[in-house]
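Taken in sequence, the protein lines are chains A and B.
One gets our numbering by counting positions in the first sequence from 1 and adding 181 to each.
One gets our numbering by counting positions in the second sequence from 1 and adding 181 to each.
I should point out that these hints are in silico values taken from the structure, not numbers from a laboratory.
Owing to the predicted nature of the structure, the values given are computational and were not obtained by experimental measurement.
There could be a bad hint or two in this list.
Copies of one chain are not kept apart here, so a pair can be met inside one copy or by any two copies together.
Pairs of lysine to aspartate or glutamate, EDC-like flavour, derived with a Cα cap of 20 Å [to be verified]:
(1) Lys328 with Glu197
(2) Lys330 with Glu502
(3) Lys356 with Asp503
(4) Lys356 with Glu499
(5) Lys328 with Glu379
(6) Lys328 with Glu215
(7) Lys356 with Glu477
(8) Lys330 with Glu379
(9) Lys328 with Glu390
(10) Lys356 with Glu502
(11) Lys330 with Glu390
(12) Lys328 with Glu293
(13) Lys356 with Glu476
(14) Lys356 with Asp439
(15) Lys330 with Glu293
There are 2 protein chains.
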Amino acid sequence: MTADARWSCPIPGTYEHVVLGHGSGGRLTQQLLERVFLPALAGPTLARLEDQATLTLPGGARIAFTTDAFVVSPLFFPGGDLGKLAIHGTINDLAVGGATPRWIAASFVLEEGLPLAILERIVRSMRAACDEAGVELVAGDTKVVEKGKGDGLFVTTSGIGLVPPHLDLSVRNAKPGDRVLVSGTLGDHGIAVLSVREGLELGLETSLESDTAPLADLCRALLEVCPRLRWMRDPTRGGVASALTELAAGSRVGVRLDEARLPIRDEVRGACELLGLDPLYVANEGKVIAVVPPEEADAVLSAMRAHPRGRDAAEIGEITEDARALVVMRSLIGGERLVEMLSGEQLPRIC
Amino acid sequence: MTADARWSCPIPGTYEHVVLGHGSGGRLTQQLLERVFLPALAGPTLARLEDQATLTLPGGARIAFTTDAFVVSPLFFPGGDLGKLAIHGTINDLAVGGATPRWIAASFVLEEGLPLAILERIVRSMRAACDEAGVELVAGDTKVVEKGKGDGLFVTTSGIGLVPPHLDLSVRNAKPGDRVLVSGTLGDHGIAVLSVREGLELGLETSLESDTAPLADLCRALLEVCPRLRWMRDPTRGGVASALTELAAGSRVGVRLDEARLPIRDEVRGACELLGLDPLYVANEGKVIAVVPPEEADAVLSAMRAHPRGRDAAEIGEITEDARALVVMRSLIGGERLVEMLSGEQLPRIC
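In isolation and in its complexed conformation, chain A is listed as follows (with noise of 0.2 Å):
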């Protein structure tokens, strides 16, 4: 059975309804952002479209601002659960901002006859992941909704980072000569999640966990090692290619990736040939892309090698100059092929 046949949506098109593609964070996502968000919300912030709204307070002081709603399915995947992704995720949306993530807040949907032990657990993990990363959680909120209008529990964080000075990280920043780094193995998290989902079905086994990890400290040393780095992104739904796509879109660059680089593990790329899926476009919770001038990129790969959530980072690729703002990879047999914006839906529910 192939990825299309199971997961994917049909191509792009007009859907007058939700589809499970419209949150694959990919091209279906683009495109209801696209007709029905940014006509009717964006303003100058939401309108730039990075992973967190950067604010000027009266007086100067920047801060960092994000949010994430959280219904990944099941609860518990190897690696780690609901909570912890939760708490995860927004501090790293904070983190590649160049924010240090300070405070987080959490709503609750539960589902009627969710088991108290169950939520316990989650919040328990939420907290571990605060104290973890040095952040504190100061606001909540819970709902409850009937038995069969929810999904058990989804969580919903969103932080506020403080934005150091004079920094300038942006999806438009990124110039031709620039260097790709990717901070470890891809796909670990979508394949972990995939693996207890549908495992069993699949005669799919593994002993891979999810990536998920708090990278504030690994942003900020890339940053003193390099504070002109462009841009850095947590390639989470829709993979490394929707991260790089938004970027050649944002910059009006192009990218060139070379395959036989990629750092994947051989469970992953496994699982990927057994399912039909590209672990290119497989979510990450525990990476970073970073876009560094290309004279800085052997210090910013030694430091993020130096570092313990870096330990297999890799060089993927260069930005090039590309007017037509395309993502190419350099495959392993010498062609080349065009990576697009996931199109359909992956992997739902995912994170």
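Got chain A sorted already, so can you dock chain B onto it with the hints?
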């Protein structure tokens, strides 16, 4: 049919699973907080249990931060919709803390199959509500769950406001002799939602509209007149009764209400009688309770009444010395009754 039979849960006890009453804003919500959330999550800020967290930035500036999930059913009701409610609710949580609301982040959990036209109406309504209140929606996120795993649309909004210096509003501040003011009629939101949800079935027809409205301007006006104002709260889920029982407990004082002074529309009174509901527990979405020193009560009441959102304002009671922290109400016929925190679920999914 009485409210007990339809909407109430058994007397609070030891639940092992989530019940609808856990979302009531009343005693079961409190139990869930005390059993599950606070033991795991509470730090110095969350433990204050205000409607918003007040955070101090390096340099001394203060911001307020809050989050709320909105799961109201149906999505559209007389006088409002989920989108408007989601913006007003978060603005008001900031405003009652004395903050000037500035920035909103919104996360959406969409159910597969939701018509995009419905989503469009909701987000346009959110934008209109932001514009009216002078706040900017700066960040967002969208997730999609399978049909039957959600209920059309849930929205979580989080907000940041600026806190003026020297302000100290707190649920711990009330002192015997203080007066309790409310900015207008009670129960309009809850009964308006109920009328459209259950109206046909119950033979309940009314022209009543939800009072959903942004309160920042009104709250600012009150603080200008009375910088020593003790505490404000928008009495949403759980109504005036739950807000005042929290105040009594927080300040270790009593509250004495006068039923004859409660501003309640005839339609709300009639619907409550029909349904066996108590308007003191019915949700409001555009009203503020303010507790003020006695010598400033008249000035604050005049300021409320001079504001378009406070025309029906009234003084409804006073703070008393009471080590048991009880809220009591002098009834219309002269007796006195205890006003307890809502014990079950009066109206599920009202916000």
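Here is what the structure says about each hint:
In this assembly of identical chains, the alpha carbons of Lys328 and Glu197 lie at most 20 Å apart only when taken from different copies (15 Å versus 27 Å within one copy). In this assembly of identical chains, the alpha carbons of Lys330 and Glu502 never lie at most 20 Å apart, being 49 Å within a copy and 45 Å across copies at closest. Taking the shortest alpha-carbon separations for Lys356 and Asp503, only the intra-copy value of 10 Å comes in at or below 20 Å, while the best inter-copy value is 69 Å. In the homo-oligomer, the alpha carbons of Lys356 and Glu499 lie at most 20 Å apart inside one protomer (9 Å), although the nearest pairing across protomers, at 66 Å, exceeds that limit.
In this assembly of identical chains, the alpha carbons of Lys328 and Glu379 lie at most 20 Å apart only when taken from different copies (19 Å versus 24 Å within one copy). For the homomeric pair Lys328 and Glu215, neither the shortest alpha-carbon distance inside one copy (33 Å) nor that between copies (23 Å) is at most 20 Å. When the C-alpha separation of Lys356 and Glu477 is checked against a cutoff of 20 Å, the pair qualifies only within one copy, where the shortest distance is 13 Å, while the shortest distance between copies is 62 Å. In this assembly of identical chains, Lys330 and Glu379 lie within 20 Å of each other by CA distance solely across copies; the values are 18 Å between and 23 Å within a copy.
In this assembly of identical chains, Lys328 and Glu390 lie within 20 Å of each other by CA distance neither inside one copy nor across copies; the values are 31 Å within and 29 Å between. Within a single copy, Lys356 and Glu502 get their C-alpha atoms as close as 8 Å, which meets the 20 Å cut-off; across copies the closest is 69 Å, which misses it. With identical chains, the CA atoms of Lys330 and Glu390 are never at most 20 Å apart, being 30 Å at best within one copy and 26 Å at best between copies. In this homomeric assembly, Lys328 and Glu293 come within 20 Å of each other (Cα to Cα) both inside a single copy, at 5 Å, and across copies, at 17 Å.
For a Cα distance limit of 20 Å, the shortest separation of Lys356 from Glu476 inside one copy, 13 Å, qualifies, whereas the shortest one across copies, 66 Å, does not. For the homomeric pair Lys356 and Asp439, the shortest alpha-carbon distance inside one copy (18 Å) is at most 20 Å, but the shortest distance between copies (70 Å) is not. Taking the shortest alpha-carbon separations for Lys330 and Glu293, both the intra-copy value of 9 Å and the inter-copy value of 12 Å come in at or below 20 Å.
Checked against the numbered hints listed earlier, the structure breaks hints 2, 6, 9, 11; every other hint is satisfied.
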